[in-house]
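Student: Working from the sequences, and respecting the hints, build out all of it.
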Amino acid sequence: MAALNEEQTMIRDQAKSWVAEQAPVRNFREVRDSGAELAFAPKTWQGMVDMGWTGIIIPEEFGGSDLGYLTFGLVLEETGRHLTASPLFASALVGASAILLGGNEAIKQAVLPGIVSGEQIVTLALEEGPRHKPEATALPAVKSSAGFKLNGNKTFVAEGMAATSYIVPARTSGKAGDANGITLFLVDADTKGVSRNPMHMIDCRGYANVSFANVEVDAGNILGELEQGLMVLEPVLDRARAGLCAEMHGTAAQAFDMALDYLKTRVQFGQVIGSFQALGHRAADLYTAKELTRSCFEAALKAIDDGADDAPEMVAMSKARVGQFLRDMSDQVIQIHGGIGMTDEFDAGFYLKRARTLETAYGNQAYHRDRYATLLGF
Amino acid sequence: MSEDLTAFRSEVSDWLKASFPTSLKGKAAEIVEASSERDGLKGDALAWRKALAAKGYGAPTWPTEYGGAGLSHPEAKVVGEEMAKVGAINPMIILTGMGITMVGPTVLEYGTDEQKAKHLPGIASGEVRWCLGLSEPNAGSDLASLSTKAVLDGDNIVLNGQKVWTSGADKSDWCGAVVRTNPDAKKRDGISFVMLTMDQVGVETRPIKLISGSSPFCETFFNDALAEKADLLGKQNDGWSVVKRLLQHERQSQTSARSTSGKSEPLQDMAKRFVGTDEAGRLDDPDLRSRITTHLMDSRLHSLTVDRITAEARGNVEVSAAASILKNSATNVAQIRAELHMEIAGSQGLGWDGDEFGSAELENVRNWLFGKAMSIYGGSSEVQKNIISKNILGLPETTQKG
Chain A
1 MAALNEEQTM IRDQAKSWVA EQAPVRNFRE VRDSGAELAF APKTWQGMVD
51 MGWTGIIIPE EFGGSDLGYL TFGLVLEETG RHLTASPLFA SALVGASAIL
101 LGGNEAIKQA VLPGIVSGEQ IVTLALEEGP RHKPEATALP AVKSSAGFKL
151 NGNKTFVAEG MAATSYIVPA RTSGKAGDAN GITLFLVDAD TKGVSRNPMH
201 MIDCRGYANV SFANVEVDAG NILGELEQGL MVLEPVLDRA RAGLCAEMHG
251 TAAQAFDMAL DYLKTRVQFG QVIGSFQALG HRAADLYTAK ELTRSCFEAA
301 LKAIDDGADD APEMVAMSKA RVGQFLRDMS DQVIQIHGGI GMTDEFDAGF
351 YLKRARTLET AYGNQAYHRD RYATLLGF
Chain B
1001 MSEDLTAFRS EVSDWLKASF PTSLKGKAAE IVEASSERDG LKGDALAWRK
1051 ALAAKGYGAP TWPTEYGGAG LSHPEAKVVG EEMAKVGAIN PMIILTGMGI
1101 TMVGPTVLEY GTDEQKAKHL PGIASGEVRW CLGLSEPNAG SDLASLSTKA
1151 VLDGDNIVLN GQKVWTSGAD KSDWCGAVVR TNPDAKKRDG ISFVMLTMDQ
1201 VGVETRPIKL ISGSSPFCET FFNDALAEKA DLLGKQNDGW SVVKRLLQHE
1251 RQSQTSARST SGKSEPLQDM AKRFVGTDEA GRLDDPDLRS RITTHLMDSR
1301 LHSLTVDRIT AEARGNVEVS AAASILKNSA TNVAQIRAEL HMEIAGSQGL
1351 GWDGDEFGSA ELENVRNWLF GKAMSIYGGS SEVQKNIISK NILGLPETTQ
1401 KG
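These protein sequence lines are chains A and B, in that order.
With our numbering, letter number 285 in the first sequence gets 285, and the count goes up by one each step, no holes.
Each number in our numbering comes from the position in the second sequence (counting from 1) with 1000 added on.
Keep in mind that the hints were calculated from the coordinates and are not lab data.
Mixed in with the good hints there might be a few duds.
Straight-line alpha carbon distances no greater than 25 Å define the calculated DSS-like cross-link-like pairs of lysine-lysine that follow [unchecked claim]:
| # | chain 1 | residue 1 | chain 2 | residue 2 |
| --- | --- | --- | --- | --- |
| 1 | A | K290 | B | K1390 |
| 2 | A | K302 | B | K1077 |
| 3 | A | K264 | B | K1077 |
Tutor: Spelled out as structure tokens, the structure:
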């Protein structure tokens, strides 16, 4: 744990107990079993709003507490531990970051208080295919009398079913792959021509396929500069990735605790299985990875809070290395539990499934290794 | 950390300006090398050693009465940072062998006032070199099964037996040896820790030539070697607790993954030189590029973790449970770096000596070979994992008994 101030310690402790009591994995199981389209419990979401988590990165003038990304990460670690489903990350971190970095004063006034109150759920509708590649954005936005007209599909949109508006990177010039020519639009989900369908992914979260058919967007709803959307999108994505790393580490840390507990209680051959050196050493390796990766995601969140120049490097490193730890840990929580780990009745499978969607989101390990090397000039 | 160290920092900086000979700037490698020899320091380097000793900055956290400067850990960190700024190094760490890093802290904790007064000032001033007699031919990872015998004889203790992997024994003035004083007790209960001089007829040392060509370790033979009873550290037959502490200090001293030559070319630059790049500036070997990237990340993760654990301890960096993690992580980083270094250079990285090979290439070959010892000495990687699983994770004793 980074050296925390009093406020951060309080928020972390509060998050720890609230999530464990009010939003444990069994609640997630209930939501999954119910097949609810939103894929989260409105009561859980309201509880988060009531605790002020939706305003952690939002300035006080818009109703937030402006405590920064490291503080947000402390909360995400805890929701990650218990797989708590909600739009907290998608809207109050990713959506809010895009508005903060790219929105003009009018947009901030119109949207940020709504994100804090939970009435608005603003999510990033970026991906157009299965592999993360922001500059490959192709969805055309063509100038029209009213502003711009959008046509095309966005897919794997997190909390896409619950969203009240979307942040849509679209191509206003050039071709897919060009860094220039991408523009970010804020699009109300109720706008004529917007339609959405749920996508059923392994982790049972509220993903959607969102279609835009001749959707008219006012030029006043552009975030950042025309054609220069990547200038806003890249730092927004880094904030999103750093937040994901906190959640991923929490998920992996809980899986570690579950496995360790089992190693201490499961008896075979007349002794607890944790006494076998093969398993003791594996636990030691996983614990070592847990401690090493904790340092990097905390450093990444702090780099963002500090506006450090090397924040992109720190984020790429974290997404790659925390990703590897989560992958290993989610495999091992099943392996160490043996047969029981394979049953749907036991929670380990939830961790494995969530691990893969988190690892894939906003660039997998290979993506971020490539990015890190590029940032370092090789 | 709330205390303001600004005033102290400028005090240290002023002292360095007055005391650190400018002729030594950029000569760190030479000083390290000279320090590894007996009486190797001459001229300005010797003057610098004496200036450090007079100020107590050779062992800054030790009490002033024993040759230290009585500084807090945050203050000592400032001294280190200011020294690094002007290119000064503390040669005492090398000059005293195991003195500064392991013997001193353990004597501070377990020694009587007489023992502290006798042994610590010579270490703090860099004048007395120490080795440690721990491992034996039949007691490596299972150190507690050691069999070197020690018998009390009036005011003396008589030692008989053999130690191995004794670092710098052939160059040391004193040895801290772990010996069996009660052969009838359970194996961890009959052990004592005793300090003895190396310059006596009953002690013989033979350097061991390693695969790297160097001989940093010795075999050490005790044939009726004599120690004074007053040099028993800790209680008789309670030496195992002293040894455990000593080994914690050892792990703590082995958590750095830094390469020995601090100014070596970054791996990615070296790779570009040997392998070339594509039109986008990417290394022309995607597999190597990916592995170098992972290594660079892990290297950074390691130093971030050292920083984080130091910060969490709020300057109180006494032996911590995390040392086993850091020792294994440091080993991985250093060993993989050496392997990548060799792989990048191809056949040119495999030279043993001669003019066809650059000094950096030859140095790396030796570092690579010697680096294989990192996962063995100071408690092998497997022993560290036993410590992590047992002491940190609370798993039951692993299958080894004893």
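Student: Taking the earlier hints as the rules, which of them does this structure contradict?
Tutor: 3
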